Amino acid sequence: MTQQCPHCQVEIQAPKLSAYDDNFVCPHCAATLSHSQIDIFLYAFCFIALSALLLILVGHVNAFIALVIATVGYRLCRSRFFESYFRLTRCTH
Numbered sequence: 265m266t267q268q269c270p271h272c273q274v275e276i277q278a279p280k281l282s283a284y285d286d287n288f289v290c291p292h293c294a295a296t297l298s299h300s301q302i303d304i305f306l307y308a309f310c311f312i313a314l315s316a317l318l319l320i321l322v323g324h325v326n327a328f329i330a331l332v333i334a335t336v337g338y339r340l341c342r343s344r345f346f347e348s349y350f351r352l353t354r355c356t357h
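Offset between the sequence shown (1-based) and the numbering used here: plus 264.
No lab work stands behind these hints: they were computed from the structure. One or more hints might be untrue.
[To be verified] When the alpha-carbon atoms are kept at most 20 Å apart in a straight line, the in silico SDA-like pairs for lysine to any residue are as follows: (1) Lys280 / Tyr307; (2) Lys280 / Val322; (3) Lys280 / Pro291; (4) Lys280 / Cys290; (5) Lys280 / Thr296; (6) Lys280 / Gln267; (7) Lys280 / Val332; (8) Lys280 / Ala295; (9) Lys280 / Ser300; (10) Lys280 / Cys341; (11) Lys280 / Ser348; (12) Lys280 / Asp303; (13) Lys280 / Leu340; (14) Lys280 / Phe328; (15) Lys280 / Ala294; (16) Lys280 / Arg344; (17) Lys280 / Phe305; (18) Lys280 / His292; (19) Lys280 / Leu352; (20) Lys280 / Ser343; (21) Lys280 / Tyr349; (22) Lys280 / Glu347; (23) Lys280 / His324; (24) Lys280 / Ala327; (25) Lys280 / Pro270; (26) Lys280 / Gly337; (27) Lys280 / Tyr338; (28) Lys280 / Thr266; (29) Lys280 / Leu317; (30) Lys280 / Gln268; (31) Lys280 / Ser298.
[As the list claims (entries may be wrong)] Here are the simulated distance ranges between beta carbons: (32) His292 / Asn326: 48 to 58 Å; (33) Arg344 / Val322: 15 to 25 Å; (34) Tyr349 / Cys293: 16 to 26 Å; (35) Arg351 / Ala294: 11 to 21 Å; (36) Gly323 / Phe345: 18 to 28 Å; (37) Gly323 / Arg354: 37 to 47 Å; (38) Arg339 / Ser300: 30 to 40 Å; (39) Cys341 / Gln268: 19 to 29 Å; (40) Gln301 / Gln268: 17 to 27 Å.
It should be emphasised that the depicted structure is a prediction, and the values quoted were computed from it without experimental measurement. Heads up, the beta-carbon is just placed ideally off N, CA and C, and yes, glycines get one too.
Given only the sequences and the hints, what does the whole structure look like? Please build it.
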């Protein structure tokens with residue numbers, strides 16, 4: 265997944281969320297970067313809310329079970345479908 269470094273504005277190959285703990289370093293400018301936490305939470309909330317709502321209303325699934333299925337579904341789909349849309353932010357610590 266190619267994304268743009270917010271510091272040097274160069275296209276970089278950002279690692280997956282599971283490949284680093286807190287942050288990673290841009291290979292061009294050595295800026296400390298991470299994926300935007302706001303984007304991660306926003307995509308997770310939207311996917312889980314919509315999936316659970318559809319399961320409850322259309323599939324007549326129990327609300328607790330629908331939330332569990334939606335959460336596991338997001339976790340399984342995150343690296344393939346959502347991570348390329350997360351913006352990169354520069355860490356300031």
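Hint-by-hint comparison with the structure:
1. Lys280 / Tyr307: holds, 16 Å
2. Lys280 / Val322: violated, 33 Å
3. Lys280 / Pro291: Answer holds: Lys280 to Pro291 is near 15 Å, not above 20 Å.
4. Lys280 / Cys290: holds, 14 Å
5. Lys280 / Thr296: holds, 15 Å
6. Lys280 / Gln267: It holds: about 12 Å lies between the C-alpha atoms, which stays within 20 Å.
7. Lys280 / Val332: violated, 23 Å
8. Lys280 / Ala295: Holds - the C-alpha atoms of Ala295 and Lys280 are around 17 Å apart, at most 20 Å.
9. Lys280 / Ser300: holds, 13 Å
10. Lys280 / Cys341: holds, 13 Å
11. Lys280 / Ser348: holds, 9 Å
12. Lys280 / Asp303: It holds: about 14 Å lies between the C-alpha atoms, which stays within 20 Å.
13. Lys280 / Leu340: This hinted pair holds, its Cα atoms lying about 13 Å apart.
14. Lys280 / Phe328: The given pair, whose Cα atoms are some 29 Å apart, is violated under the 20 Å limit.
15. Lys280 / Ala294: OK: Lys280 and Ala294 at ~18 Å, within 20 Å.
16. Lys280 / Arg344: Distance ~10 Å between Lys280 and Arg344 Cα, so the pair holds.
17. Lys280 / Phe305: Distance of about 16 Å is within 20 Å: holds.
18. Lys280 / His292: Measuring from Cα to Cα gives roughly 18 Å; hence the hint holds.
19. Lys280 / Leu352: holds, 12 Å
20. Lys280 / Ser343: holds, 7 Å
21. Lys280 / Tyr349: Cα-Cα ~12 Å, so holds.
22. Lys280 / Glu347: holds, 7 Å
23. Lys280 / His324: Not OK: Lys280 and His324 at ~35 Å, beyond 20 Å, violated.
24. Lys280 / Ala327: Distance of about 31 Å is beyond 20 Å: violated.
25. Lys280 / Pro270: Within the cut-off at roughly 17 Å; holds.
26. Lys280 / Gly337: Holds. Lys280 to Gly337 sits at ~18 Å (cutoff 20 Å).
27. Lys280 / Tyr338: Cα-Cα ~15 Å, so holds.
28. Lys280 / Thr266: Holds, at roughly 11 Å.
29. Lys280 / Leu317: Violated, at roughly 28 Å.
30. Lys280 / Gln268: holds, 14 Å
31. Lys280 / Ser298: holds, 10 Å
32. His292 / Asn326: 48 to 58 Å: holds, 50 Å
33. Arg344 / Val322: 15 to 25 Å: holds, 24 Å
34. Tyr349 / Cys293: 16 to 26 Å: holds, 23 Å
35. Arg351 / Ala294: 11 to 21 Å: Distance hint for Arg351, Ala294 holds at roughly 20 Å.
36. Gly323 / Phe345: 18 to 28 Å: holds, 21 Å
37. Gly323 / Arg354: 37 to 47 Å: holds, 42 Å
38. Arg339 / Ser300: 30 to 40 Å: violated, 18 Å
39. Cys341 / Gln268: 19 to 29 Å: holds, 24 Å
40. Gln301 / Gln268: 17 to 27 Å: holds, 18 Å
Hints 2, 7, 14, 23, 24, 29 and 38, counting from the list given before, are not met by this structure.
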